[in-house]
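Protein chains: 2
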Amino acid sequence: MTKPEDPTRVLIFDTTLRDGEQSPGISLNTQEKLEIAQQLARLGVDIIEAGFPITSPGDFEAVQTISRTVEGPVIAGLARTHVADIDAAWNAVKDATRPRIHTFISTSDIHIQYQLQTTRDDVKGQARAAVAHAKEYVDDVEFSPMDATRADIEFTAEVCQIAIDEGATTINIPDTVGYTMPHEYTACLERLYELVPDLRDIVLSVHCHDDLGLAVANSFAGLLAGARQVECAINGIGERAGNASLEEIVMLLHTRSADVGLRSGVVTREIARTSRMVSRLTGYPVQPNKAVVGRNAFAHESGIHQDGVLKERTTYEIMDATTVGLEANSIVLGKHSGRHALQQALADLGFELTGQGLNTAFRRFKEIADKKKHVTAMDLEALVTDELREEIAAYQLEWFDVEASTRRPPHATVGIRTPDGDEVTGSFTGDGPVDAIFRAINAATGSDARLREFRVDAVTGGQDALGETSVVLEVGGVSGSGQGVSTDILEAAARAYVRALSNALRRRGIGDGSGAPDGGAFMAEAEEATAEAASRQPVRTP
Amino acid sequence: MTKPEDPTRVLIFDTTLRDGEQSPGISLNTQEKLEIAQQLARLGVDIIEAGFPITSPGDFEAVQTISRTVEGPVIAGLARTHVADIDAAWNAVKDATRPRIHTFISTSDIHIQYQLQTTRDDVKGQARAAVAHAKEYVDDVEFSPMDATRADIEFTAEVCQIAIDEGATTINIPDTVGYTMPHEYTACLERLYELVPDLRDIVLSVHCHDDLGLAVANSFAGLLAGARQVECAINGIGERAGNASLEEIVMLLHTRSADVGLRSGVVTREIARTSRMVSRLTGYPVQPNKAVVGRNAFAHESGIHQDGVLKERTTYEIMDATTVGLEANSIVLGKHSGRHALQQALADLGFELTGQGLNTAFRRFKEIADKKKHVTAMDLEALVTDELREEIAAYQLEWFDVEASTRRPPHATVGIRTPDGDEVTGSFTGDGPVDAIFRAINAATGSDARLREFRVDAVTGGQDALGETSVVLEVGGVSGSGQGVSTDILEAAARAYVRALSNALRRRGIGDGSGAPDGGAFMAEAEEATAEAASRQPVRTP
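Which chain is which? The protein sequence lines are A and B, in order.
Here the numbering used here is used: position 540 in the first sequence is 540, and no number is missing along the way.
Here the numbering used here is used: position 241 in the second sequence is 1241, and no number is missing along the way.
Bound conformation, chain A alone:
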């Protein structure tokens, strides 16, 4: 990707599916990653970092599927400096209209000494070889000197110069551990421009972590210093305290454009929906006081009528909720709405459903509409997302009965449809009704899954709200996550558990080599490389 002609244009590099997906407890399957990538394309991001293909066959498959399907953004795959990493990244992204390889190696002495256990000279050699190898495949190559903010800046500059000499078109300066401060990061980038004048001819990028609450401010300082790509993630998810929040960076540039003079290409009206989708699929809640996308971020959303805002909106609001798409919760459908109305409403939300998919969605819609007077756009999003997950579930919840009381232990019985189509049943008396259901599902499926996390949220407020549950469980050392939606919290919990179990078993299957995607020979090679790499050094990232 060449540097944009327009000096005010900031490229948005979304790493929700790579750095974001590295967060503990998140385990998206290919279908879910594809769904997020398609929404990121609607959102108008410039680059999607779709994954880290060498790390697992599942990651490879997801990057490949996204590369083959999603139109619009550049699709990037991450790679260490190893040949096998770069080969895997290329094989995963090569079918994209605009593929990118993103390779990285640490330049800080603490990483070189303790993590890589090598020398500065070796790092220079690895960086040179990696960029050169990537350039054999594709023109669009990004290079990151990991932990740059804690590195000797002269050495980092040398390595960046090498990467540029070999043809890197983007140089990204990561604050890997979230340590830097705005004035310090500004000074760092200004010094790099002095030491490496060639940086002015390519795209300089920033990648900041939020450990001290400064990810957005540091990224913004980088843009003011001349960077024109910002690496960020929806809802600020990512390693530890996460990455800079895409929505905060974008709305900062948008709201203060008159003073700052920079702009992104993001369709801001898609922000709220993207945030909800990522929260739902990752199981990571967005706190109510989160900037831009928290449910209280816009005061008039909260039901507190403010005299000031009524007199003049700008007295207390610097952004309009409609700008980020927050009006989407207006009522759209009722119990008498028909199939065509549903199809139209879904199309407005970006979901093109026909045939069997529409039939299934309509059946679920009717079930919900029977119980809930008004079905909102947010409900529909939750339902359709729920339906998408249904297709890939190996086990299916058929029915359950639960008796719960303060006066005796709760008892649950469940019926589960197996992948072979048989119905199996199981019962359990547990500590609570949810516990009883989960253990009854274990009994029915003969699994020894253990619950790691369990969360319930109302999708929309009010007495007849849909409940949305998230489950993370572990079975045989493999974790899986699942979500469920229903007006019945126990049913939502049971659905989520069955899906999490299916996902974990499916991941274990892929790990065993069964269920692997096409490109068998390459995959076998990639798996060997992964195993070898894992034994030699851990897979760590900017």
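One thing to keep in mind: the hints can contain errors.
[Said to hold, decoys possible] Computed list of lysine-lysine pairs in DSSO-like fashion (alpha-carbon distance at most 27 angstroms, straight line):
# : chain 1 : residue 1 : chain 2 : residue 2
1 : B       : Lys1335   : A       : Lys311
2 : A       : Lys311    : A       : Lys124
3 : B       : Lys1311   : A       : Lys124
4 : B       : Lys1335   : B       : Lys1366
5 : B       : Lys1366   : B       : Lys1311
6 : A       : Lys366    : A       : Lys335
Think of the hints as simulated: they come from the structure by calculation, not from any bench.
Every value quoted in this text rests on a predicted model; they were computed, and no experiment measured them.
Starting from the known structure of chain A, fit chain B onto it as the hints suggest.
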């Protein structure tokens, strides 16, 4: 409060109970506010802004109770420039060892014109009169020119000079709408120092909102520019996107102290516990990727073993989890632990329980320990907090029975103990088991409460986790929130609903004038002033 001798000392002004409590859906009662204030004192904050006494008798009572009980920090009460506001603030804080009155008025033309509907001259007059009146009561007076970052800086400077001339000991520059940027805020404060040299003799304070994700960075820029008080809130709660996060500011100063040369007096090891308590009592979740206090903020908490961290901790960690008190989840008690062990463990957590309180806690502990192999410090915190709430509940859940199934609508029956000691029962067939329980409680108590929000979290992970639920409901125009803890999600939900209902009814009672705290004549006056003020202009704050 005079300016500290030590130029490196930053005063931490906590507004969790004032700006934080203004967040939609949060409705803490006096007991809960006191509990948080006591924890803030353990945390070592310098100033607690305990509330906005004129706004309601409940707020007045809470500020007064905290002033009379909590030792250590300065206790501040907020007031507009009106005489009645300042009188109410003084009456609420006067019993504190070190009381402060904090008064404010907008200096931005947009607020003066649309909200206050007055003139700049009138604003100057009001500011002068307010500070002068407050000084008649107490030496420690803080003044804030609201919306200062969008105001004409020369005019703001004039108003600040007036406040200083009248004796204000702290001047706070609020970024009320979260609009400013670090370099802009720096320039604003530097210009104020030029225009008002007297600012160097008092404490300059910063108060930043997070609408664009810059609250911490802006506050930090203010400190670098010379401010020595920072207004912030636990978990960053507050109006809209909230205030600067106390924990992020404190850990930024702590982690980068060698480079920044500033320090707070906060006992960092109390941070995690304070965060959990505020999240639990407000019902506001902390997202997993929240800096410092999110459950993923420290990688080794997440269960992902990082080779780099194992080789050398500092390769990927800039803070140690024990510094913020995150080791507290080690196992402390089991089912065979006795009353003395429980009392000791609670004392270690800062809860001094004896007599009946200890008996009740021990009974609940035994119930939980029967179901859960290991009881952790976090479980104990949840339980004790639960017990504290029990004391003020007007209704009590006695028992319930629920039948839920995918094959017929769920049915619930509940028994509730009324404030008079009678047991009433109610039944309902609902959309889901939780819905059925909530409506059965309505039927039993004869209330028409409507659910506004419902949330469930596991207090600790794993199959036998305690479930913690939060309910916000509305009855007759008054909202109330409640929490419940149990290994049974339905029981936790029922407890939370009953408490929320009790709190809402209690608040409605206070609003009616019944149940008002002592100082009846003053309270009547304050209520009149509130009603009068409400009809004239809304109560809005920095």
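Here is how each hint holds up against the structure:
no.	hint	in the structure
1	Lys1335/B / Lys311/A	violated (60 angstroms)
2	Lys311/A / Lys124/A	violated (62 angstroms)
3	Lys1311/B / Lys124/A	holds (23 angstroms)
4	Lys1335/B / Lys1366/B	holds (7 angstroms)
5	Lys1366/B / Lys1311/B	violated (42 angstroms)
6	Lys366/A / Lys335/A	holds (7 angstroms)
Against the hints set out earlier in the document, violations occur for numbers 1, 2 and 5.
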